[in-house]
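Enquirer: Spelled out from the first residue to the last, the chains are:
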Amino acid sequence: MSRKKKGFKFKKLFQPQPHDDNKANPDIKEPITKEAIQKSLADVDDFVMKEVKVGQKTVTILYLNTIVETSIIDELVFNPLNQSSSTKADEIFKNYSVLKKDELPKLIHDICSGYTILLFEDEIIEIDTFSAPDRSITIPENETTVMGPQDSFVESVATNISLIKKRIRSPQLKSKSFLLGTETKNDVTMLYMGNIANDENVQRVKRRLENVEFHGFIGMPVLKQMLEDKPFSPFPQFGITVRTDNATDALLNGKIVVMMNGSPEAAILPASFWEMFITPEDYYNRWTTASLLRTLRLAGFFISIFLTSTYVSVLTFHPEMLPPQLLRLLAESRAQVPFPPMLEALIIELVIEVLREAGARMPTKIGQTIGIVGGIVIGTAAVEAGLASNILIVLVAVTALLSFIPPNYLMSNAIRFIRYIYIIFAGVLGMFGQMIVLAWMFNHLSNMTSLGSPYITPVIPRKWPDLLNSIIRAPGNFMVERIGIARAKKDLIRPLDEE
Amino acid sequence: MDTGNLKKLNKYHVIFLIQNTMIGIGLFSLPNDISAVGYNQWLVPLILGVITNITLIPIIMLCKKFPNDSLFKINEILLGNILGKAVNVTLLLYGIVAGSAVIQQFVRLVQSIVLPTFTINSFTISLFFVTICIVLGGIKSVARFCMFSFFITGWMIAFLQWPLQAGNWLHVVPTFEVGLNAWMDSLYEGSISMFGYGLILFYFPYIQNQKNVLIHASIGIWIAVFYYFLVSIAAVIYFSPWQIDNLIFPVLNLFQSIQLPFVERIENFGTTLWVFLVLSTSGTYLWVAKKGMDALFSQHKNRTWHTYVVAAIGTLLIIGPIPIDLQQRIFGEWSVYFGYLLNTSPILLLFIYWIRSNKKKNRLDKGVSS
Chain A
1 MSRKKKGFKF KKLFQPQPHD DNKANPDIKE PITKEAIQKS LADVDDFVMK
51 EVKVGQKTVT ILYLNTIVET SIIDELVFNP LNQSSSTKAD EIFKNYSVLK
101 KDELPKLIHD ICSGYTILLF EDEIIEIDTF SAPDRSITIP ENETTVMGPQ
151 DSFVESVATN ISLIKKRIRS PQLKSKSFLL GTETKNDVTM LYMGNIANDE
201 NVQRVKRRLE NVEFHGFIGM PVLKQMLEDK PFSPFPQFGI TVRTDNATDA
251 LLNGKIVVMM NGSPEAAILP ASFWEMFITP EDYYNRWTTA SLLRTLRLAG
301 FFISIFLTST YVSVLTFHPE MLPPQLLRLL AESRAQVPFP PMLEALIIEL
351 VIEVLREAGA RMPTKIGQTI GIVGGIVIGT AAVEAGLASN ILIVLVAVTA
401 LLSFIPPNYL MSNAIRFIRY IYIIFAGVLG MFGQMIVLAW MFNHLSNMTS
451 LGSPYITPVI PRKWPDLLNS IIRAPGNFMV ERIGIARAKK DLIRPLDEE
Chain B
1 MDTGNLKKLN KYHVIFLIQN TMIGIGLFSL PNDISAVGYN QWLVPLILGV
51 ITNITLIPII MLCKKFPNDS LFKINEILLG NILGKAVNVT LLLYGIVAGS
101 AVIQQFVRLV QSIVLPTFTI NSFTISLFFV TICIVLGGIK SVARFCMFSF
151 FITGWMIAFL QWPLQAGNWL HVVPTFEVGL NAWMDSLYEG SISMFGYGLI
201 LFYFPYIQNQ KNVLIHASIG IWIAVFYYFL VSIAAVIYFS PWQIDNLIFP
251 VLNLFQSIQL PFVERIENFG TTLWVFLVLS TSGTYLWVAK KGMDALFSQH
301 KNRTWHTYVV AAIGTLLIIG PIPIDLQQRI FGEWSVYFGY LLNTSPILLL
351 FIYWIRSNKK KNRLDKGVSS
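First to last, the protein sequences are chains A and B. Counted the way the numbering used here counts, the first sequence spans residues 1 to 499. Counted the way the numbering used here counts, the second sequence spans residues 1 to 370.
Because the hints were derived from the structure by calculation, they are not lab data. Treat the hints with care, as some may be off.
Derived BS3-like pairs: lysine-lysine, alpha-carbon spacing no greater than 25 angstroms straight-line [stated by the list, open to error]:
id, chain 1, residue 1, chain 2, residue 2
1, B, K64, B, K359
2, A, K463, B, K11
3, B, K8, A, K489
4, A, K230, A, K165
5, A, K463, B, K73
6, B, K73, B, K85
7, A, K490, B, K360
8, B, K7, A, K463
9, A, K489, A, K174
10, A, K230, B, K211
11, A, K230, B, K8
12, A, K489, B, K73
13, A, K106, A, K34
14, A, K463, B, K64
Label-pair ranges, simulated between beta-carbon atoms [said to hold, decoys possible]:
id, chain 1, residue 1, chain 2, residue 2, range
15, A, L329, B, P116, 22 to 30 angstroms
16, B, F151, A, S97, 56 to 64 angstroms
17, B, R363, A, K206, 40 to 48 angstroms
18, B, S298, A, P338, 54 to 62 angstroms
19, A, S177, B, R303, 39 to 47 angstroms
Note that the structure is predicted; figures quoted are calculated from it, not measured. C-beta atoms are modelled at their ideal positions from N, C-alpha and C, and glycine is treated no differently.
Could you put the whole structure together from the sequences, leaning on the hints where they help?
Expert: Structure follows, in structure tokens:
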């Protein structure tokens, strides 16, 4: 068996099929004619093709009126045309770019991107008149902090880059754009610090972005999953954020930030398991508070996966482990419960999931009412009816709260998922089952990589200075090196020899 | 996944591979195994540590003669193709038998202590499943798992504070009342707990810093010895001589001395957490067995499915239709003899190497003089 044959090849299931425009590549050459443009944009109702007389000659103007506002096109195109008697583009317009006569695919793509095309007799130019409405910058509602900057990314990649550039005023902040999605042709931009980011990582991200083949991306999280090292793992392997300070910090540590037009999230590559538990607020707090909170988050992760499953395993197989008082308490609370502990725990966990999911999907105004109905009515009624033990309700509630501790939403969802594996194994094999899953999980984590770097840095490979910025967040003066996972070109944050 | 002789193990990997392969299930019964010398038993791990460290020297010497070859290749070079392959078959069997011996003893323990109403089938299959996951990642994955299992289980040594407080410290005073035979008996029984360091013969080619490997391997050995030493000291202090002689798993009884306000019968927890030590030990042995299959059936080339084969054979050894007396002979006797053979064979191989290189030298000298 050769090495190439190994592993599951998804593509083998689906043979390639002929496709209209298989690559989102506007560099393909085709001559520009009015007929060809009309053919390409046939049945596009908002396509406007106007002919305007300028002096003795006619200029054809092409644009989509849904993404170009009248006032903008008036100001940028029609007014200069009307006010000028010249027939040469460079005498009429200041800001424009020239299209070659054989760049039809690029022309079509640019019209769809909000450009206005002007067909002069001897040249073709385009002016950026994109003016679709944008959301204004708001506070990051899903990643809130008490201190620190309160602006968050929006759906426009240009605005997002400007938010980053506002913070890093350096020519070393490099950006490279890609056009991804055969149908949607999303603008995707990768940002990195040229003097800090590891060249191999930069090349790797470029290669992965270039190799992505998909019809379109409805959001950055979709693209992010396609770039990840292990698609089958329940754990997120790259960071994702809408916070500007998070992205800035990542860039300064030598990481690569990938943004997409139409999605407020930015992906941070690479990211370690531990970084899913870090918020920028840790750096705004005093080191003592930050260290305490980080300890709490890591402990929360383990308690969250172990609490309910331990209830199940101890009550099912090891009741002798409980001291008499606790055993009596549990026995009384479970006296009327007709289900085995595993089923009981799974039912209550599922009820919590249903409440959470319903709360997330239903209109805000009804959400609060349902929260009260779910939390109080179902919880109390279930206990009184003898369907569940009240101790389990407490444990499940604590677990549900703990699963929200990680600042990374995808990580908290991963915890939600693996908790069920623990509960099922605890119900089948008791504490042995829990430990087997724990061993599997550690092995899985230790073999995972994020952009080729070990996922559980700084545990593996240990980089001692990383420990100063791990569970303990040392005071700023002690953090002299960049974090290890990004394998930054320059390790030192500041020139120590000057001190 | 291993794709060749890439140097991928750093010094920490080596230390913890050595240490964790040594500490497996043997620690559970160690105070009982070495009980022939009574209260003097805490000296046995120290003596064994010295002996182990001495036997490590020829092992490392042999490895350094062939820095890019594992023992499978060395055997083929030194013993010739046919004899070398025959010895490799033995080593392959050793990998499977030793790996499953650890799992077999552990599942028996779990069955008798933690889940008495279960058969061992589900434990065995789940343990082998995780072992396969570990081995599939290659030796570095095994080494990483060893590091994890050290930190996840190592802290349990703090539990010894209860027996140490409750026992009589005067038991520790060495009395040397037993004869040489008892000492030899203890050393023989205790040596089984030391096996595992010899596997460096197989993963030596993957080590980055091969120059200082003796120091790193010795550190690993002495960490294990330190744990053995502490446990036997605690057993000496806490138990009476009769208890040490008759308790099959004294560590379990040490666990029972622990008094925590919110939980009882902590040995359930301790025994199940031991799964990390068992998996790291069996993982290393199964990796060796997998490499053995690579050596025998695919000219040392990496084949993923070999992992499944060795794991399947290992599972069958435990839960397959094998007569119980044969099974006991395989796990109780063969694995021990195999272990002795592996750890002492480097002396013989070094001797062959010395003879061969002398012959070669003589031939060259003759060639020059004629």
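Enquirer: If a hint holds in the structure, say so; if it doesn't, say that too.
Expert: Taking the hints in turn, this is what the structure says about them:
1. K64(B) <-> K359(B): 20 angstroms, holds
2. K463(A) <-> K11(B): 14 angstroms, holds
3. K8(B) <-> K489(A): 22 angstroms, holds
4. K230(A) <-> K165(A): Distance of about 32 angstroms is beyond 25 angstroms: violated.
5. K463(A) <-> K73(B): 35 angstroms, violated
6. K73(B) <-> K85(B): 9 angstroms, holds
7. K490(A) <-> K360(B): 52 angstroms, violated
8. K7(B) <-> K463(A): Holds. K7(B) to K463(A) sits at ~19 angstroms (cutoff 25 angstroms).
9. K489(A) <-> K174(A): 15 angstroms, holds
10. K230(A) <-> K211(B): Status violated; Cα separation ~36 angstroms.
11. K230(A) <-> K8(B): 21 angstroms, holds
12. K489(A) <-> K73(B): Status violated; Cα separation ~40 angstroms.
13. K106(A) <-> K34(A): Answer holds: K106(A) to K34(A) is near 14 angstroms, not above 25 angstroms.
14. K463(A) <-> K64(B): 29 angstroms, violated
15. L329(A) <-> P116(B): 22 to 30 angstroms: 25 angstroms Cβ-Cβ, so the 22 to 30 angstroms window holds.
16. F151(B) <-> S97(A): 56 to 64 angstroms: 59 angstroms, holds
17. R363(B) <-> K206(A): 40 to 48 angstroms: Violated: the Cβ-Cβ distance is about 58 angstroms, outside 40 to 48 angstroms.
18. S298(B) <-> P338(A): 54 to 62 angstroms: 56 angstroms, holds
19. S177(A) <-> R303(B): 39 to 47 angstroms: Given about 44 angstroms between the Cβ atoms, the range holds.
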